[in-house]
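Using the hints provided, position chain B relative to the given structure of chain A.
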Amino acid sequence: MKLTVNGKAVEWPAESGTLSDLVQHYRLRPNLVIAEVDGRVVRREEWPNVALADGMTVELVQFVGGG
Amino acid sequence: MVEKDAALETLAEQDPLVIGGRRLSSRLFLGTGRFPNPLVQKQAVAASGAEVLTFAIRRIDLEAAHDDAILTHFEGGSWIYLLNTSGARTADEAVRIARLARASGLSDWIKVEISADSKTLLPDPLETLRATERLVKEGFVVLPYTSDDPILCKRLEEAGAAAVMPGGSPIGTGLGILNPYNSA
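Line order of the protein sequences matches chains A and B. Letter by letter, the first sequence follows residues 970 to 1036 in my numbering. Letter by letter, the second sequence follows residues 78 to 261 in my numbering.
Just so you know, these hints were derived from the structure itself, not from any lab. Some hints could be false.
Which residues of chain A face chain B? A few of them, derived with a C-beta cut under 7 Å, are [as the list claims (entries may be wrong)]:
#1 993
#2 995
#3 1001
#4 1003
#5 1012
#6 1029
#7 1030
#8 1032
#9 1033
#10 1034
#11 1035
Listed next, with one range per pair, are the computed distances between beta-carbon atoms [to be verified]:
#12 B:237 - A:999: 29 to 35 Å
#13 A:1024 - B:199: 35 to 41 Å
#14 B:136 - A:984: 25 to 31 Å
#15 A:982 - B:119: 37 to 43 Å
#16 A:996 - B:87: 48 to 54 Å
#17 A:999 - B:87: 40 to 46 Å
#18 B:91 - A:1000: 27 to 33 Å
#19 B:110 - A:1026: 46 to 52 Å
Far from chain A, some chain B residues (derived; all Cβ distances over 10 Å) [said to hold, decoys possible]:
#20 95
#21 125
#22 197
#23 202
#24 214
#25 216
#26 224
#27 231
#28 232
#29 237
#30 240
#31 243
#32 250
Backbone N, C-alpha and C fix where the C-beta goes; we use that ideal spot for every residue, glycine too.
Chain A on its own, in the form it takes in the complex (with noise of 0.2 Å):
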């Protein structure tokens, strides 16, 4: 299935998989890891039920140094 992540047209490899399968597939640690998938912030706890469908757009962001 296609989706986009942070902006980039990605093909997940399996037919089916989780936003907890995502942020693990990019080795992040999800404790410190943002999610929101098509404009909605999905918090930590929900992600193993969120299941990846085509066309999902998905944002991962972090805290990063600023003022």
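For chain B alone, coordinates are given in the frame of chain A:
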């Protein structure tokens, strides 16, 4: 230096700064950008005694995700994280960033920072007021960064801002307080 530290401690006890119900031991808020490396940053944060650290939120570069996430250097600490909404040009964008920040589970303190001009980074006061009103209703502890107009600051306070952060001079200029009579 020791005398100065003691004087500051006495001040903190006698006239504490309380924001969003939190009694702060230091009046210094420290930004976390532009340090040369994490070690220097940690040393600077420790030396400052600051209890509130500001951060921004950005997309993760998934092709360089091995890069250090800044929070790995602050694990186990008891700082208050103040997330800014830098990059926002409108109240809508600031609210979106604030909701993302809160989803971190680490903080609901938001420094509303809205600029419609990427060169000067001067705050947009009307969008800042709109964002403050909305975020207060959503239960955030809102600290808007804004221009140094006293009446505007009063309006932000009335809108429920936990504290107002008027800019002394444009970001990055290092010019200090340009308009001391507005800040008196």
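Structure-based check of each hint:
With 7 Å as the threshold, the beta carbon of residue 993 of chain A stays out of range of chain B, its nearest partner Cβ sitting at about 12 Å, so the hint is violated. Nearest Cβ of chain B to the Cβ of residue 995 of chain A: about 5 Å, under the 7 Å cut. The hint holds. Given hint, residue 1001 of chain A at the interface with chain B, holds; its Cβ is 5 Å from that chain's nearest Cβ, closer than 7 Å. Evaluation of the residue 1003 of chain A hint against chain B yields a held restraint, the C-beta minimum of about 5 Å falling below 7 Å.
Checking residue 1012 of chain A against chain B by beta carbon gives a least distance of about 5 Å; that is within 7 Å, so the hint holds. Interface restraint check: residue 1029 of chain A against chain B, minimum CB-CB distance 5 Å, threshold 7 Å, status holds. A distance limit of 7 Å between C-beta atoms decides the matter here; for residue 1030 of chain A the minimum to chain B is near 5 Å, and the interface restraint holds. Interface restraint check: residue 1032 of chain A against chain B, minimum CB-CB distance 4 Å, threshold 7 Å, status holds.
Taken as an interface hint, residue 1033 of chain A checks out: its beta carbon lies about 5 Å from the nearest beta carbon of chain B, inside 7 Å. For the restraint placing residue 1034 of chain A at the interface with chain B, the shortest Cβ-Cβ distance is roughly 4 Å, inside the 7 Å limit, so the hint holds. Because the closest C-beta pair between residue 1035 of chain A and chain B is about 3 Å apart, less than 7 Å, the hint holds. The hinted window of 29 to 35 Å between residue 237 of chain B and residue 999 of chain A holds, with their beta carbons roughly 33 Å apart.
For residue 1024 of chain A and residue 199 of chain B, the Cβ-Cβ distance of about 39 Å falls inside the hinted range of 35 to 41 Å, so the restraint holds. For the hinted restraint 25 to 31 Å between residue 136 of chain B and residue 984 of chain A, the CB-CB distance of approximately 27 Å keeps it satisfied. Between residue 982 of chain A and residue 119 of chain B, the C-beta spacing of about 39 Å keeps the proposed range 37 to 43 Å intact. Between residue 996 of chain A and residue 87 of chain B the beta carbons are some 49 Å apart, a value that agrees with the proposed interval 48 to 54 Å.
Taking 40 to 46 Å as the suggested C-beta distance range, the pair residue 999 of chain A and residue 87 of chain B conforms, at roughly 44 Å. Between residue 91 of chain B and residue 1000 of chain A the beta carbons are some 39 Å apart, a value that contradicts the proposed interval 27 to 33 Å. Distance hint check for residue 110 of chain B and residue 1026 of chain A: the Cβ-Cβ separation is about 28 Å, which falls outside the suggested range of 46 to 52 Å. The Cβ of residue 95 of chain B sits about 23 Å from the closest Cβ of chain A, beyond the 10 Å cut-off, so the non-interface label holds.
A cut-off of 10 Å between C-beta atoms confirms that residue 125 of chain B is not in contact with chain A; the least separation is 13 Å. At roughly 16 Å, the least C-beta separation between residue 197 of chain B and chain A is larger than 10 Å, which holds for a residue marked as non-interface. At the 10 Å boundary, the C-beta of residue 202 of chain B stays outside the reach of chain A, the nearest C-beta of that chain being 19 Å off. For residue 214 of chain B, the non-interface assignment is confirmed: its Cβ lies about 17 Å from the closest Cβ of chain A, beyond the 10 Å cut-off.
The Cβ of residue 216 of chain B sits about 14 Å from the closest Cβ of chain A, beyond the 10 Å cut-off, so the non-interface label holds. Chain A leaves residue 224 of chain B outside its interface by the beta-carbon criterion, the shortest separation being 17 Å against a cut-off of 10 Å. Non-interface call for residue 231 of chain B relative to chain A: holds, since the shortest CB-CB distance, roughly 25 Å, exceeds 10 Å. Interface exclusion of residue 232 of chain B from chain A stands, the closest Cβ pair being 24 Å apart, more than 10 Å.
In this structure residue 237 of chain B is separated from chain A by more than 10 Å, as the shortest Cβ-Cβ distance comes to about 22 Å. With a cut of 10 Å on Cβ distances, residue 240 of chain B stays outside the contact zone with chain A, its closest approach being about 16 Å. Chain A leaves residue 243 of chain B outside its interface by the beta-carbon criterion, the shortest separation being 15 Å against a cut-off of 10 Å. Non-interface call for residue 250 of chain B relative to chain A: holds, since the shortest CB-CB distance, roughly 13 Å, exceeds 10 Å.
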